[in-house]
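Take these sequences, add in the hints, and give me the full structure.
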Amino acid sequence: MSQEKEIEALKRALEREKEARKQAERIMEEKSMELYLANQRLLQINESLENTIQERTKEMNSLARFPEENPYPIFRFAGPEKSLLYSNKAGKRIIDFFERNPESADTLRWYEFLNNSHGCDQPLVQEFEIDENYYQFYSVCYADHNYMNVYGFDITLLKVTQNALTESEVRFRSMVENASDIIYRASVDGVFTYVNITAETITGYSTHELLSMHFAQLIRPDQQEVVADFYAAQIREKIKSTYLEFPIYTKYGNEKWIGQHVQLIMDEDHYITEVFSLARDITERKQAQTAMTRTATRLSSLIANLQAGVVMEDENQNIVITNQAFCNLFDLPHSPSYFQGKANTELFFKIKDSFSDPDTIWNNLEKALQQNKPIVNQEVLMSDGRIMESDIVPIFQDKKFLGHLMLFRDITEKKEAHKILQRSEEKYRSIIENMYLGLLQVDNDETIMDVNNSMCQMLGYTKEELVGQKTTQLLAVAKEMEILENVQVQRNEGKSSVYEMRVKRKDNSEFYVLISGAPLYNEKNEKIGSLGIHLDITQRKELEQDLMVARTKAEESAHAKEIFLANMSHEIRTPMNAILGMTNLLMNSHLDSKQLSYLDAIKTSSNNLMVIINDILDFSKIEAGKLTIEKVGIEFHKVMQNVINQLSFRADEKNILLINKIDHDIPDILVTDPTRLTQIFLNLLSNAVKFTHKGSVTLKSSLIERRGNLCRIHFQVIDTGIGIDADKISTVFDSFSQEDASTTRKYGGSGLGLTITRQLVELFGGRIQVKSKKGIGTEFYFVLPFEVGNVNDLPKDDAGIDMEIDLRGTRVLVAEDHQINQFLAKTILESWGVEVTIAENGLDAVNAVSNVDYDIILMDMQMPEMDGLQATREIRHILNRDIPIIALTANAVKGDQEKCLDAGMNDYLSKPFEQKDLQRIMQKWIGERKTVAPKVNKQEKTFVPEPEKTTSMSSELYDLTLLNQLALNDEEFIAKMKELFITSTPEIVDQIFESFEGNEFEKMSGLAHKLKPSIDTFNIHSLKETIRKIEKFHTLGGSKEELVNWLSQLKTDSGLVIDDLKRSLEK
Amino acid sequence: MKGMIFTEFIEMAENKFGLSTTQEAIDNANLPNKGAYTAVGTYDHQEMQRLAGELCKATQTEPGEMLRMFGHHVFAKFVKAYGVFFEGISDPFDFLEQIETYIHPEVLKLYPDAELPRFESQRLDNGSFRMTYISSRHMSAFAYGLMEACMAHFRAPANIETESNEDPGRVSFLITRL
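Read top to bottom, the protein sequences are chains A and B. All the letters of the first sequence, read from the start, carry residue numbers 1 to 1067 under the working numbering. All the letters of the second sequence, read from the start, carry residue numbers 10001 to 10178 under the working numbering.
Simulated from the structure, these hints should not be mistaken for laboratory data. Accuracy of the hints is not assured; some may be wrong.
Claimed, not checked - Taking lysine to aspartate or glutamate pairs in the EDC-like style, the calculated list, with each CA pair at most 20 angstroms apart, reads: (1) B/K10002 with A/E19; (2) A/K631 with A/E237; (3) B/K10002 with A/D896; (4) A/K5 with B/E10097; (5) A/K18 with B/E10014.
As structure tokens, then:
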């Protein structure tokens, strides 16, 4: 079954295939027919195309004959190499020519033409001369077809005609252009229509410019009208030709003269068509003419105006010219022209009586006529006493005699003047001859030309002996040759100079002369030598030398005085130190009242003696100008109060009221010298207290003015004392003066106090004055200028001095040769628990330092073996130690302090020193090294109790109780807290100061608030209250003075705490 | 539609399903020329739809599967008849790219009346390739079959994933070489 089905399917498939084949064959048949038809159509198209081509070819061939038959050359070139593709017959002839003449200029131009034409999108045209014919070639380039056509035209005939024309034109034109005259044509109304080149050179205008100009524009303006009228007339009257001369201005403003021929060009109808002109530059001729006229005018005006009388006569002795001066000289009542043409005899007849000796004149004239030579400067005496000078000069031209010129000048006045001059010259000559000054004239070789009498006397030679000799050989002293050479150099430079020199006399003795020398010149301004004026200055020189010797002596003695004073002060102060020290020590031992009163007397006397010594020293320092004013910041109130305090005890004793009146406006801080200022007021006030027995002594300070940081203060010291006598008042400030001798006895004193005071006031820039009434009182007053300071000017370490530091255990080396002073220092120091070592001299001190570490050295200045300065240098530089070294000096002379500090010492103490001074110094320098420790017992460490001494501000500066509680005794934490305080506090304190100076109190308050907790934590007693005051200053306000105190306390105390904290950390 | 498609389809049907099954499908399709197709003729494409539809019925084959099969068949014929298109090509992606840019323009020169699908190809990286079939004939499965055969021809095992077929006139394939 399935097999049948399969066979059936196979049959069906076969049928499908047959059917498909038939289908395919039909399709193929259709396609074949389509192809055949398409082929037939193609064949037809091809045939018609071939026919068209044949027709076109025929046409082309016939067209190609055109160029061939063209009588003008035609070419076609191909490619960049311009190879010839085609040329017609005419063209071939051209090519032939080029090939035959490869070197001809036209051949080269031809190739250049082809090159230029190639690739050129514009046709090019160029002319060539070929075989005596001219051609114009025209190129057309077909860039896209890569060829170019060139067409030629024969232009020979055209060229020949043109050339002939050009030649004749050129010839004619060059004739016109090269003419030396201007040739121009102009229209009838005067506008240029043609000008030649010469017109340019003469007028300066270019041809172009001229052709736009009117002829009249060239003419000098003042002549324009005249010239215009002239030519208007020529045209009006039709005058064929004219000539006129007139000036023109060139383009550059130069004037030129023109001589111009003008011809009218007219047509057959006599109508003027244009104007032809020939113009010549005649400037030179005109100028020559003008110059001649001018010269003639000038000459005649010269003669007419001459001061001298002139007469000129011709060869026939007839007068040609004379002038007014001549008529005046001879008092002739004629005008000069009267004599012209008249015979000279007529003139001479009229003037001969004017001469005192007319015959001489005649003779001279005759002589001149005969000799034909000029006779000049003949003096002629006139009958009226005048003197004339006459010249008679013959005139020649080309050796031909033309006459005479005669000149007469009145020289009467000149003669008189000459006489006067001569007399005066004689007068001065005699003065110079007889005066004390020596005159010496030398030539350039120093050879003497002339000397006067004084010079001869000075030198001991006669004039004859001197003239002709060389000064360098005869007069010069060998040692002075250098001066002479120097002078000679100056003279050659034309300089004058004054110099001193020794000169040798005839007897070989030498003397000093002052010479004023100057170069001498002749009339040609050539140096011919020099002239010296000599003054004998021997006496003056001697005087000068005496004075020098005297000055040297005076200086030596002043120096000796200074050394004496220094030595004296040393010699007196050293024993005084012992006396005062021992007295103090003795006063503290057990004594009865009688002994005490003796000691008191010793002490008072010693103190008085010290005052006198100090006065004398001060006085001599001031006298020697060796006292200077220091400049440090001071708190004015404190200084003044201190002065009052020092004297209040004495005033109280005398039951006198001591008043201190300070003007509130005076600035708090001044920059000045507190020591010397204090000295002034101590002197004045102690004097006042001394001489006042009841009533009061007032110190009054008032501000006069304040300007910027400067102010002036008026001071008065007023007492109700005994007063000064009116006749003594003027001498109160004199040295060693007291009102009278009895005063000295009664009141004591050196008599130098007021002198020193006056000089100190002057050093400060003031002038002290006094007014007084006997029995009523005295007032001293003066004004001083000050610089206003601020807190920063105040010495920083002042606060530290008041600190009390435990000096126990401090090791002190005392270098001092004076045994009593050794003992004194040792006793005082040991009473403070200090370990004292004594060195007898500088050498011992150096040795001691090299073995033991001392805390401080007290070093005397003057010691045997080695002095204090040298010892200090060795300790500093050889041992390299920085131990504080304090100079003990009895030399209170200025300069010692500097010497100490220069040598490397830290400070100095002036002998005799008081216990408190020594303590201050020790505190200051040990304080820097030692801990601030609680004071144990004042009694123990102070040998002499001194009740007036200021107590220390706090026995305990700070404590760490609170901090320890806080930290539960954690050492590390506490250390950190300390470090923090050390680093942060100075910063805040500085900022507080800055804000204070900037008046920024709110900021200051904030900063204080910030610092407050630290101060509480470290329990800094002195600052707990202070910091709160500073904090509240902004809101509560208050005195600035107080604020300054608080701030300085803050700075000082916080600094001390920091120092101590640092030390505790180091441990 | 070109006669070659009909002749090749019938050849495939005869080879795969036998003469009688093929004849049955031809009969059922009620074709105007009773299945007598020549490769040089041109016929209505609806005849192919009817013929293919009847063959699917007769053989119980999914139309898509049928077209895919046809794709395999036709590719083999192409390789034999038009070897010139394969010369010098070793990478299947290079070949696929050339269908649109080179093969189809050449086919149109020979058969100006041929109706060809459009392909957009996109090389993603060395190993993957996106090919989009665009045609109103909706025969993306035929194209799928051709692509499979192409990868096999070049011995390049690959995974061909139909990315989108919402629009049967525009279907993207992602070919990833294995």
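Against the structure, the hints:
no., hint, result
1, B/K10002 with A/E19, "holds (17 angstroms)"
2, A/K631 with A/E237, "violated (115 angstroms)"
3, B/K10002 with A/D896, "violated (136 angstroms)"
4, A/K5 with B/E10097, "violated (46 angstroms)"
5, A/K18 with B/E10014, "holds (17 angstroms)"
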